[in-house]
Amino acid sequence: MSKRFAIGLTALFIGLTVIYFRQAIFAPIDTWMIRYQGSDIYIYCIGAYERLGMLKDGFLPLGDYWIPRGGGYPATLQELLLTPAHLLLLGTYAITNSFTLAFKILYPLFYLTTLFTAYWYGTTILKGKTSSSNARYGAVILAVTYAFCMFGVNTLEQLVFISAPPLILLTLIFLEKTIKESRPLYIVLTSVFLLSVYLTQLYPAYFLTVFIGLRLLLTWKREALQSALKGGLIFLLIAAPVFIPQILNMPSQEVKDVLATQTAALALLPGLLFYKGDPMAFLSEASVAYLGIATLALALIPTILHRKLKWRRTYIFYLLVALASIIFALGQYSPINFALLVQKYLPLSFFLRAPGRAMVIGYLALSVCAALGFTILIDYIKPKYRTLTTLAIVLIIFTDLTIGYEPPSMSPPLPQNEAYEFLREQPGDFRTVEMPSIYPQMAMSNIHTNHDILSTYSWAFGYFDPLQAFANQYNNYLDLTATEQETAFYGIKYILVNTDPNYYSRLASAITYYNSPKLEQVVPVADYLDTSKDYRLVYDKGGYAVYENLLYQGTVFPSISYNWTDSNTLEIEAYDEEPQTIFISQSYTEGWIAKVNGVQTPIHEVNFIQSIEVPAGDNHIVIHYERYESSLLNFLAFHLTALLIILLLLYPKWKRYTLPILLTYGVGLIIFSLTVYPYSTPLYHSALTYLGIALTIGALIYILLRRRLKWT
Amino acid sequence: MLSRNLTNFRRTLLVGIVVITTAANTSPMWWGLALGQVTFALLILTIGSYLFEVAFYSIRSRNE
Numbered sequence: 001m002s003k004r005f006a007i008g009l010t011a012l013f014i015g016l017t018v019i020y021f022r023q024a025i026f027a028p029i030d031t032w033m034i035r036y037q038g039s040d041i042y043i044y045c046i047g048a049y050e051r052l053g054m055l056k057d058g059f060l061p062l063g064d065y066w067i068p069r070g071g072g073y074p075a076t077l078q079e080l081l082l083t084p085a086h087l088l089l090l091g092t093y094a095i096t097n098s099f100t101l102a103f104k105i106l107y108p109l110f111y112l113t114t115l116f117t118a119y120w121y122g123t124t125i126l127k128g129k130t131s132s133s134n135a136r137y138g139a140v141i142l143a144v145t146y147a148f149c150m151f152g153v154n155t156l157e158q159l160v161f162i163s164a165p166p167l168i169l170l171t172l173i174f175l176e177k178t179i180k181e182s183r184p185l186y187i188v189l190t191s192v193f194l195l196s197v198y199l200t201q202l203y204p205a206y207f208l209t210v211f212i213g214l215r216l217l218l219t220w221k222r223e224a225l226q227s228a229l230k231g232g233l234i235f236l237l238i239a240a241p242v243f244i245p246q247i248l249n250m251p252s253q254e255v256k257d258v259l260a261t262q263t264a265a266l267a268l269l270p271g272l273l274f275y276k277g278d279p280m281a282f283l284s285e286a287s288v289a290y291l292g293i294a295t296l297a298l299a300l301i302p303t304i305l306h307r308k309l310k311w312r313r314t315y316i317f318y319l320l321v322a323l324a325s326i327i328f329a330l331g332q333y334s335p336i337n338f339a340l341l342v343q344k345y346l347p348l349s350f351f352l353r354a355p356g357r358a359m360v361i362g363y364l365a366l367s368v369c370a371a372l373g374f375t376i377l378i379d380y381i382k383p384k385y386r387t388l389t390t391l392a393i394v395l396i397i398f399t400d401l402t403i404g405y406e407p408p409s410m411s412p413p414l415p416q417n418e419a420y421e422f423l424r425e426q427p428g429d430f431r432t433v434e435m436p437s438i439y440p441q442m443a444m445s446n447i448h449t450n451h452d453i454l455s456t457y458s459w460a461f462g463y464f465d466p467l468q469a470f471a472n473q474y475n476n477y478l479d480l481t482a483t484e485q486e487t488a489f490y491g492i493k494y495i496l497v498n499t500d501p502n503y504y505s506r507l508a509s510a511i512t513y514y515n516s517p518k519l520e521q522v523v524p525v526a527d528y529l530d531t532s533k534d535y536r537l538v539y540d541k542g543g544y545a546v547y548e549n550l551l552y553q554g555t556v557f558p559s560i561s562y563n564w565t566d567s568n569t570l571e572i573e574a575y576d577e578e579p580q581t582i583f584i585s586q587s588y589t590e591g592w593i594a595k596v597n598g599v600q601t602p603i604h605e606v607n608f609i610q611s612i613e614v615p616a617g618d619n620h621i622v623i624h625y626e627r628y629e630s631s632l633l634n635f636l637a638f639h640l641t642a643l644l645i646i647l648l649l650l651y652p653k654w655k656r657y658t659l660p661i662l663l664t665y666g667v668g669l670i671i672f673s674l675t676v677y678p679y680s681t682p683l684y685h686s687a688l689t690y691l692g693i694a695l696t697i698g699a700l701i702y703i704l705l706r707r708r709l710k711w712t
Numbered sequence: 713m714l715s716r717n718l719t720n721f722r723r724t725l726l727v728g729i730v731v732i733t734t735a736a737n738t739s740p741m742w743w744g745l746a747l748g749q750v751t752f753a754l755l756i757l758t759i760g761s762y763l764f765e766v767a768f769y770s771i772r773s774r775n776e
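Protein chains in written order, with this note's numbering: chain A, 1 to 712; chain B, 713 to 776.
It is worth saying that the hints were derived from the structure and are not from the lab.
Keep in mind that the hints are not guaranteed to be accurate.
According to the in silico footprint, chain B covers these stretches of chain A (three or more CB under 8 Å from chain B) [to be verified]:
id: 1; region: 18-30
id: 2; region: 130-143
id: 3; region: 266-278
Away from chain A, derived, C-beta distances all over 12 Å, residues of chain B [claimed, not checked]:
id: 4; residue: Ile771
id: 5; residue: Arg772
id: 6; residue: Arg774
id: 7; residue: Glu776
We put the CB at the ideal spot given by N, CA and C, even for glycine.
Make a model of the complete structure from these sequences and hints.
Encoded structure:
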């Protein structure tokens, strides 16, 4: 590639990214890059915020966001620091100290990376299929078509999705390289990037795995299949500690049913593939899948000018992948409900509740078709006009795809408000009920007040049964009559009631969309709290009122002194002449371990919260979230194993020591996890044990097979 | 002969797709969606006829 071309390409890509993000970049810093007020983006923020807080306390932030405040949320390793996008958000937030700014830096960066990696992928595929200069033009078309497709704008609120395309492309680039030439480096890089996609999000990982399978079937080269098998084994071995606990901790049937019924809402209407309307008018989730007139025309050109084509097989493959992705994405609106079939019969696919997201591969395949089509067209142009033509087509594609759908900027759901400042200043640990609270608002109020905020929007509890039941029990917190005792039981000290009419008019559409209480529903609650003897008005200004629950005694009751040693450990001092029951108002969940005077004691569940029986006399009780340590060890073991396997593969001299090293390491891990392990974890929570078992069995099978092969 | 006919057919369909998609995006909401649905049918026809042709000729050349 000439220097001039490289500079021109970089300028083009940066220019297009800046034009695309113009609304967001040139808006005030504290505006969000979202289309609708209810957005998952805030949930990523609270995750990063909690982790950063824990880092400042000197802890590795391995817990999920409900753990530190005693919420108890079943953390999966995927939610932890292993996720590349989460790690980037955390880092950017730590430097900028502003979430809005962090997103304004990260998103354009992801787009730029997608543009460059897509260009690289394009040149990899088109190599040998056309002249090298035409391949470069085709790659530019692929990059622009894929980077600015509707997938990004549909998943604007999903940090992990936006970060997935570059990783998908890198996996595919090294897969192509492996197919051409099976060098260990390429095999390792393919599996490492596949792993990074898997850690990023399950949707892209699932679709990408299927795509890779099909791609290998198309090739049907012995060496390629062998090296893919090797890469797959490396991937499985490294991913085992993440993967196995995840399968074993799969959600209950009830949750699966919820996921299955939600499919109905999240498929695409076929018409929206060709029409850039307002998706909110048709469906509940934002999902325009506009393919683009220019893209479609280019992608279909080879069907007309197809004779004497050398690469017809490649074209048909990508066309079929695009078609299959589209059919899958249409879900129940398609002539064949392919998504339902997959969900029903393919293992581990029940979580695919939004078939529309299959378009992450669909757009890529269509972009490749468009690039192939463009390489035919460009042959008709005189060489000296080719750059100019490509530029013109790029601009047409870009305008066609993005106009009216650029990432917008929006002010946050809640302005800086003194009522929240008031809550922030209150000492002790407590929860607050916020009323009303549209879905994302709760996350931001949590960050702002530095205390647990319970929302009317129970979906935000992430299908975690106790908290969801808790929200339902209160009839979305609107029915507060005769529940002061229970409110205190669940750790609620304050109720914030917002009757500011401006709020309701500004967020009217979000309130309707999330079925949040309306002003006329909230006013009676305030009236009731005014007359109740058990509530005291402690703050009242500008329509925002805060009531204190006088029956609240603390997280641990009946009245006992307690202290949070750190986010995961609670110490309690209790004295009574008779044995008694202590209640701790945090959700009952596995992973918490109680020790009374050093002796492990079972934790019971009472109406979704925890309780412990303590004997008479002086008692020192420690309650600890032990998955903290297990996740820390798993994290380290995971990275050590990955490093070990990669090093063994890359240095052929070490090859003969590979099996003894893996065997020793595996056995060592098993012994360590069974003896030195600090708490008695259920086996299936310890990824470490699984890693040890996987490595040991893998090495043993290999040795046995090799011997047997020698005998015969 | 079949190939030429099918190619002409697809050329017409492709023009149809471009025209109708443009029309859809300049129409009011429900019209846009309805025209989009029509384009979807045209797209399926285009790809279907192409795949049919490829399959037909590859089988014929194998038999010969």
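Next item on the list: Compute the least Cβ-Cβ separation between Arg772/B and chain A, then decide whether it is above 12 Å.
Entry: The claim stands: Arg772/B keeps its Cβ more than 12 Å from every Cβ of chain A (closest is about 15 Å).
Item checked: Distal placement of Arg774/B relative to chain A, Cβ over 12 Å -> With a cut-off of 12 Å, Arg774/B remains clear of chain A, as the shortest Cβ separation is near 15 Å.
Note to self: Count the residues of the region 266-278 of chain A whose Cβ falls closer than 8 Å to any Cβ of chain B, and tell me whether that reaches three.
What the structure shows: Since 10 is at least three, the answer is holds.
Note to self: At 12 Å, judged by beta carbons, does Ile771/B keep clear of chain A as stated?
What the structure shows: holds, 15 Å
Next item on the list: Compute the least Cβ-Cβ separation between Glu776/B and chain A, then decide whether it is above 12 Å.
Entry: holds, 17 Å
Check: Would you say the region 18-30 of chain A counts as covered by chain B, given the rule of at least 3 residues with C-beta under 8 Å?
Finding: It is violated, with 0 qualifying residues against the three required.
Next item on the list: Confirm or reject the coverage of the region 130-143 of chain A by chain B under the rule of 3 or more residues with a beta carbon closer than 8 Å to the chain's beta carbons.
Entry: With 0 residues in contact (Cβ-Cβ under 8 Å with chain B), the coverage given for the region 130-143 of chain A is violated.
The earlier numbered hints that this structure contradicts are 1 and 2.
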